[in-house]
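Here the protein sequences come in this chain order: R and F. So for the first sequence, the working numbering puts the first residue at 9; every next one is plus one. So for the second sequence, the working numbering puts the first residue at 9; every next one is plus one.
By construction, these hints were calculated from the structure, which means they are not laboratory data. Don't take each hint at face value.
Same chains, same label: a pair holds when it works inside one copy or across any pair of copies.
Claimed, not checked - List time: in silico SDA-like cross-link candidates among lysine to any residue, alpha-carbon distance up to 25 Å:
| id | residue 1 | residue 2 |
| --- | --- | --- |
| 1 | LYS155 | ARG373 |
| 2 | LYS155 | SER123 |
| 3 | LYS155 | ALA341 |
| 4 | LYS329 | ASP84 |
| 5 | LYS329 | GLY353 |
| 6 | LYS219 | SER235 |
| 7 | LYS219 | ILE287 |
| 8 | LYS219 | ASN366 |
| 9 | LYS155 | ALA169 |
| 10 | LYS219 | ARG160 |
| 11 | LYS219 | GLY157 |
| 12 | LYS329 | GLU154 |
Model, not experiment: these values are computed from the prediction.
There are 2 protein chains.
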Amino acid sequence: MTDGSQGLSRRGLLGLLGAGAGGLVVGGVGGAAVGASVASASATATEDGAVHPFFGDRQSGITTPVQDHLHFASYDMADDATREDLVSLLQDWSYAAARMTQGLDVSASGAVGGSPQAPPDDTGEALGLPASSLTVTFGLGPTLFEKDGADRFGIAAQRPAALVDLPRFVGDGLDPMETGGDLCIQACADDPQVAVHAVRNLSRIAFGRAKIRWSQLGFGRTSKTTSDQVTPRNLFGFKDGTANILADDEDALREHVWVAEGDGAAWLAGGSYLVARKIAMIIEQWDRQQLAEQGRIIGRDKAEGAPLSGGEEFTALDLDKRDESGEPLIDEAAHVRLAHPTVNGGVRILRRGYNYVNGTSELGRLDAGLFFLSFQRSPEQFVRLQRSLSTDLLSEYIRHVGSGVFAVPPGAADGSYVGAGLFA
Amino acid sequence: MTDGSQGLSRRGLLGLLGAGAGGLVVGGVGGAAVGASVASASATATEDGAVHPFFGDRQSGITTPVQDHLHFASYDMADDATREDLVSLLQDWSYAAARMTQGLDVSASGAVGGSPQAPPDDTGEALGLPASSLTVTFGLGPTLFEKDGADRFGIAAQRPAALVDLPRFVGDGLDPMETGGDLCIQACADDPQVAVHAVRNLSRIAFGRAKIRWSQLGFGRTSKTTSDQVTPRNLFGFKDGTANILADDEDALREHVWVAEGDGAAWLAGGSYLVARKIAMIIEQWDRQQLAEQGRIIGRDKAEGAPLSGGEEFTALDLDKRDESGEPLIDEAAHVRLAHPTVNGGVRILRRGYNYVNGTSELGRLDAGLFFLSFQRSPEQFVRLQRSLSTDLLSEYIRHVGSGVFAVPPGAADGSYVGAGLFA
């Protein structure tokens with residue numbers, strides 16, 4: 009297999025880079041500048057899918073066409089980690105992510121090019137695989153800035169006012185071990201082995217400085233970010249993401265997704281906020297529900313995803329339309345109504361969730377649901393929507409079991425690293 | 009999307025079938041004959057991948073080119089289930105599997121074609137998706153024939169002598185809740201949503217008669233069954249499955265995989281035995297090992313998968329070759345040596361495993377490994393190999409945590425069902 013964007017095999021490209029680059033010292037200093045030379049081009053289509061840029065004004069993995077697979081991981085900094093550890097970690101992560109998103113090994117010596125007497129820099133399971141549209145998106149949690157009153161890394165004063173733990177919502181059943189985290193990584197790719205390889209190697213690079221707190225794999229994207237992507241279905245069998253913000257809707261992105269200069273913390277301008285929610289679905293209960301009732305709960309028909317107020321999938325909802333007996337065609341507590349911008353002061357978010365199945369519970373039920381991911385200009389947008397959904401008919405069939413909120417810095421300039429603005 | 013083998017949309021084909029077919033009564037009688045008309049063709053290539061036949065001399069999913077994704081599930085029969093329940097379950101499963109493997113909904117009324125006042129037959133998340141090379145392979149565990157001395161289904165006399173629980177192996181750390189089962193389903197597809205949809209709907213059909221005991225998703229096949237498939241890598245970063253039995257090696261299949269007429273139970277002739285092992289990898293420990301040592305443990309080089317005795321990936325192992333100091337180039341306890349036919353009386357198996365990652369353990373380690381699946385003419389083949397591997401250098405880095413052994417009946421004839429021979 010070849011790295012189509014370069015016309016060189018991974019091996020060959022490593023060889024070319026090796027001379028000037030030097031190996032990545034795992035746990036050491038790294039050098040983000042190395043990655044810049046290979047990862048700053050715009051997205052390149054290849055026969056194996058797109059290669060997305062790592063460096064640029066925005067981090068990839070937000071408006072990027074939603075890939076097929078997810079590995080999301082939340083990390084806690086080590087108890088004895090210093091400010092220098094945090095900076096070097098972010099540098100090393102950017103270096104490695106810049107390489108991996110281009111289909112390269114994690115360092116120049118990679119999986120098989122180092123000393124036989126040393127552990128390889130790269131764990132090797134993605135050897136021979138293309139970039140597979142991999143994006144790696146980094147986020148910073150509230151506790152990174154201040155934890156139990158301590159300013160561990162000298163950045164408490166830089167915390168954006170909006171970056172606080174989410175409030176408790178009606179029906180939350182959060183597992184502390186699937187909630188929070190100082191840092192997060194969203195790795196998305198069209199090949200799950202490539203996404204897993206990214207998180208595994210970034211976790212390895214973090215050794216001694218940060219450790220995974222929780223992680224989750226996802227498959228079957230439940231959103232789309234470009235108009236040519238087919239609307240996928242979630243595990244309730246309904247199309248999901250029909251009304252998402254699309255990558256080419258610059259006005260909506262500016263208004264609802266990107267943090268603006270005047271929004272507060274200057275280092276975050278051009279970035280966004282990520283909300284992650286692990287939403288367990290009570291599958292067996294849903295599957296016993298009537299087809300018509302399923303439609304009423306969602307507010308759309310199951311076959312086409314058309315609103316119950318009429319039309320086709322992309323027809324606008326008519327929330328006021330009533331049947332001959334005066335009942336609203338879209339129920340007052342239907343999911344699409346309560347989540348709709350018109351009943352939430354115009355609030356919208358960019359969703360990027362995935363289906364997940366973690367095998368079977370001890371009761372023989374599928375441990376499955378939706379790993380919800382959304383990007384927004386402020387977490388307040390998610391809070392508003394989630395509060396509106398407190399009376400959602402769907403609530404009976406779901407339970408929020410994990411949660412996280414993260415500031416997502418803007419993209420790194422060539423030769424720099426994600427989060428650099430925080431330490432400028 | 010269309011069902012490429014028919015040139016009709018799923019919707020359209022359901023409509024055509026609906027008139028003569030009648031709906032599947034979930035939990036009821038079903039009718040395997042219906043599926044026959046759509047699922048007895050040989051494999052058909054479409055732009056969305058192959059459509060594999062359900063009916064035929066052999067079950068699909070054994071020599072079928074290994075798909076990208078797995079959902080494996082083990083089931084226990086209900087405490088009050090009768091022989092009639094077992095027969096009707098196998099009939100209903102075959103009916104539904106015959107449809108789903110052709111890219112159809114689970115029944116003629118499907119996900120959206122039934123009464124609005126009834127729960128849909130099909131859960132809907134695969135609506136619009138192609139068959140995605142789905143295969144559904146059924147197996148029967150030892151406890152189905154006799155459990156705690158009871159012949160629950162009147163088939164104890166039919167149990168093949170070879171179908172007994174696997175012995176305990178050195179290093180086993182089996183979780184009872186990931187071990188055993190009366191029945192199993194191996195669903196493989198190139199789209200995980202399609203594999204998950206199959207297991208979910210077959211579990212739903214089983215309601216009241218059988219219940220999932222354990223299940224596991226897998227991605228990243230670790231074997232190949234045709235010579236044109238690239239050898240994939242496992243999560244140790246090594247190529248896996250180089251020396252597998254291939255689908256076109258009729259002699260090897262006859263000798264090592266298919267149960268022959270004279271092997272014992274006549275109803276199983278033309279079938280096989282499936283061994284499933286959930287093998288946890290101690291990833292972090294492996295990743296700290298030197299490259300040369302990793303190679304020594306496996307007996308191959310990491311880059312190309314070439315045997316350490318020389319040559320390239322497909323060069324035969326030279327187990328006798330020694331270096332200038334007289335040491336064997338392939339270690340006496342290397343994995344490839346201990347698993348090799350020449351040190352195991354010629355024994356071979358057909359492997360079909362997958363990588364798995366179940367998130368993160370409470371220690372912040374990846375909960376990951378290999379979901380090993382092998383097909384063989386007798387479980388004794390696996391037992392011999394696994395005993396040989398008791399001194400395997402790799403043992404330090406793996407732990408077997410789940411296990412199952414199942415008789416895999418031959419394929420169902422058109423209009424019949426898998427396992428029919430057992431009740432003839």
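Status of the hints after comparison with the structure:
1. Taking the closest pair of Cα atoms, LYS155 and ARG373 come within 25 Å of each other only across two copies (23 Å); inside a single copy the shortest separation is 37 Å, beyond that limit.
2. In the homo-oligomer, the alpha carbons of LYS155 and SER123 never lie at most 25 Å apart, since the shortest distance is 41 Å inside one protomer and 55 Å across protomers.
3. Taking the shortest alpha-carbon separations for LYS155 and ALA341, neither the intra-copy value of 38 Å nor the inter-copy value of 50 Å comes in at or below 25 Å.
4. With identical chains, the CA atoms of LYS329 and ASP84 are never at most 25 Å apart, being 49 Å at best within one copy and 49 Å at best between copies.
5. Proximity of LYS329 to GLY353 under the C-alpha cut-off of 25 Å is restricted to the intra-copy arrangement: shortest distance 20 Å within a copy versus 76 Å between copies.
6. For a Cα distance limit of 25 Å, the shortest separation of LYS219 from SER235 qualifies neither inside one copy, at 38 Å, nor across copies, at 41 Å.
7. Within a single copy, LYS219 and ILE287 get their C-alpha atoms as close as 24 Å, and across copies as close as 24 Å, so both meet the 25 Å cut-off.
8. Taking identical chains as interchangeable, the C-alpha atoms of LYS219 and ASN366 lie at most 25 Å apart whether they share a chain (22 Å) or sit on different chains (17 Å).
9. Only within a single protomer do LYS155 and ALA169 lie at most 25 Å apart by alpha-carbon distance; the minimum there is 15 Å, versus 62 Å between protomers.
10. Only within a single protomer do LYS219 and ARG160 lie at most 25 Å apart by alpha-carbon distance; the minimum there is 16 Å, versus 50 Å between protomers.
11. For the identical chains of this complex, LYS219 and GLY157 are intra-copy neighbours only, at 21 Å inside a copy versus 49 Å across copies, given an alpha-carbon limit of 25 Å.
12. Proximity of LYS329 and GLU154 under a CA criterion of 25 Å is satisfied in neither setting, with 49 Å inside one chain copy and 61 Å between copies.
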